[in-house]
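Spelled out from the first residue to the last, the chains are:
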Amino acid sequence: MDSRELEITAALAQIDLGEGDLARLGDAVSQMLAYFEKMNALDTEGLEPTTHALVKDNRVRPDTVVPSQLADAMVDQAPEREDRFFVIPNVL
Amino acid sequence: MSAPTGWKQFQNKKETYLPYARTWEKRIGSFLTFRPETSAPADPGTGPLAGLPFGVKDNIAVEGFPLTCGSKMLAEVVSPYDATVVARIKAAGAFVVGKTNLDEFGMGSSTDNSALGKTHNPWDVTRVAGGSSGGSAASVAAGLVPFALGTDTGGSVRQPASFCGVYGFKPTYGVMSRYGLTAYASSLETPGILALDLGLVQSVFQVAQGRDIHDQTSLDPVALDAKPVKKIAVLADLADLDPGVKAVYEQTLEHLKALGYQIVPVTLPTLEYAVPAYYTIATAEASANLARFNGIRYGHRPVYAENHEHLVRQARTAGFGDEVKTRIMVGTYVLRSGFQDQFYTKAQKVRTLIRHDLQKVFDQADLLLSPTFPVPAFVHGDKTMNDFQQKLADKFTVTANLAGVPALSFPAGLVGGLPVGMQFTAPAFGEARLFEAAAAFATRVPVVACPGSSLEWSK
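Taken in order, these protein sequences are the chains called A and B. Per the numbering used here, residue 1 is the first one in the first sequence, and the count goes up by one each step. Per the numbering used here, residue 1 is the first one in the second sequence, and the count goes up by one each step.
These are computed hints drawn from the structure, not numbers from a lab. Idealized CB from N, CA, C, for every residue including glycine.
Here are a few chain B residues that face chain A, going by a calculated C-beta distance under 7 Å:
#, residue
1, 297
2, 332
3, 352
Negatives, chain A to chain B, calculated, CB over 10 Å:
#, residue
4, 4
5, 23
6, 67
7, 82
With a straight-line cut-off of 35 Å between C-alpha atoms, the simulated DSBU-like cross-links for lysine-lysine are:
#, chain 1, residue 1, chain 2, residue 2
8, B, 118, B, 246
9, B, 227, B, 90
10, B, 90, A, 56
11, B, 118, B, 26
12, A, 38, B, 246
13, B, 383, A, 38
14, B, 360, B, 231
15, B, 246, B, 227
16, A, 38, A, 56
17, B, 90, B, 72
18, B, 231, A, 56
19, B, 360, B, 246
20, B, 230, B, 360
21, B, 257, B, 227
22, A, 56, B, 227
23, B, 257, B, 360
24, B, 26, B, 90
25, B, 257, B, 246
26, A, 56, B, 230
27, B, 231, A, 38
28, B, 383, B, 72
29, B, 14, B, 118
30, A, 38, B, 360
31, B, 246, B, 383
32, B, 360, A, 56
33, B, 360, B, 227
34, B, 14, B, 72
The task is simple: from the sequences and hints, build the whole structure.
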């Protein structure tokens with residue numbers, strides 16, 4: 001993969017790559033993608049893709065209200081908050 | 001199906017346990033969090049696992065314990081709830097003594113990809129314990145816990161079990177709930193169980209299994225016919241095995257023949273495509289699952305950021321290690337518009353072929369035998385087993401994840417003082433077959449405990 005493609009991919013993945021990372025991780029990424037090409041040797045014409053291991057149908061449960069006590073404990077994990085709001089830098 | 005005696009009433013054993021555990025733990029570093037003093041309940045009750053301490057891989061939620069996933073990203077996170085499998089095992093009377101080390105987010109085969117600790121193999125501390133559930137395997141092998149939970153996405157329970165000389169069990173996909181597991185590759189992964197005692201693996205599986213309202217893909221087990229195992233399939237074209245592993249494999253075949261099993265040579269023409277298909281699917285799912293780690297609601301956050309996007313990029317860049325970044329980028333690439341059919345859809349079709357191939361094997365035989373991993377435990381930093389080589393070596397384990405079927409790595413012998421595991425794979429819901437054949441094998445080749453490990457503390 002050329003460095004332009006790698007930079008686009010890293011941007012989509014929301015990861016910054018420095019000069020050293022570009023070379024090191026770029027090689028590792030390219031090596032895996034090149035290896036994936038091996039699958040092209042296999043004829044898969046007309047086969048259904050497997051998207052789930054065993055369960056194929058959507059399952060639903062009754063729409064009932066059940067208590068959950070987790071919300072406060074979850075919010076407590078926030079790196080920065082005000083009351084029950086997460087604080088982030090200005091977006092404007 | 002009983003728990004090993006001598007492990008009960010942990011409360012009375014603390015004085016012998018603590019020095020034993022600390023001495024071992026200093027040598028092997030199997031836990032990221034270890035709290036044996038404070039975690040035992042006053043009354044263990046009368047459940048089937050009453051009073052048994054256990055370890056939990058640190059990507060599975062345990063209330064009040066950290067949930068780091070071996071990552072700087074989550075180093076400060078504490079779980080407010082129990083994973084379903086943990087809750088069920090606790091309800092049976094066992095209690096969590098600590099969280100075990102792992103490759104960051106389960107990505108690796110050595111546990112050396114952990115950002116938070118180094119784990120060594122109890123059989124030889126210059127070597128890795130395997131991965132990604134390396135801490136779980138090492139803690140069990142050293143006798144620090146009678147059993148531990150791991151997760152298995154492509155072999156992450158079975159491979160470290162093989163490296164550390166313990167049983168490593170991966171159930172049928174869905175039979176053990178994934179609620180409370182930190183998602184890496186959702187269509188492939190499952191919790192699994194590691195123990196030195198096969199009966200204990202079964203006891204834990206018994207209480208942990210079954211459908212869970214919190215996991216839409218969870219399933220109740222289905223009883224297959226109760227006919228005894230007779231035919232065991234083996235791969236006719238095994239290649240690239242370490243000579244020691246090959247020797248143990250051949251001895252295993254002889255033992256199985258002597259036990260009266262009929263050996264059926266088969267081929268899996270798609271086996272050589274299993275690893276590329278597996279890594280295409282696993283990285284694609286990882287790139288989506290790990291998108292949630294952005295430093296906003298929990299996890300690592302930079303000291304300063306100019307804006308929202310800058311905050312997210314900085315959090316992820318500093319929070320993730322190289323292997324995780326590599327896999328996220330590979331996964332992002334294979335899902336990019338224009339490349340999806342070439343990689344992701346192709347891999348899902350190869351997955352279909354692999355399932356068909358395996359079905360043909362199970363039309364002819366009750367189980368499939370193979371080595372768990374082509375080599376025994378390697379030394380830390382071994383250049384011939386770099387990150388890419390480790391991936392290629394997953395070929396025997398990933399098939400079970402791609403097909404969603406159960407598999408068990410069992411201790412099959414020693415080579416140069418290192419344990420080697422072999423693996424039985426069964427059709428979906430064929431767990432009983434795995435246990436039956438492994439128990440029969442153990443009557444001829446009893447499990448050997450790691451030198452220096454001892455259950456004396458529990459007597």
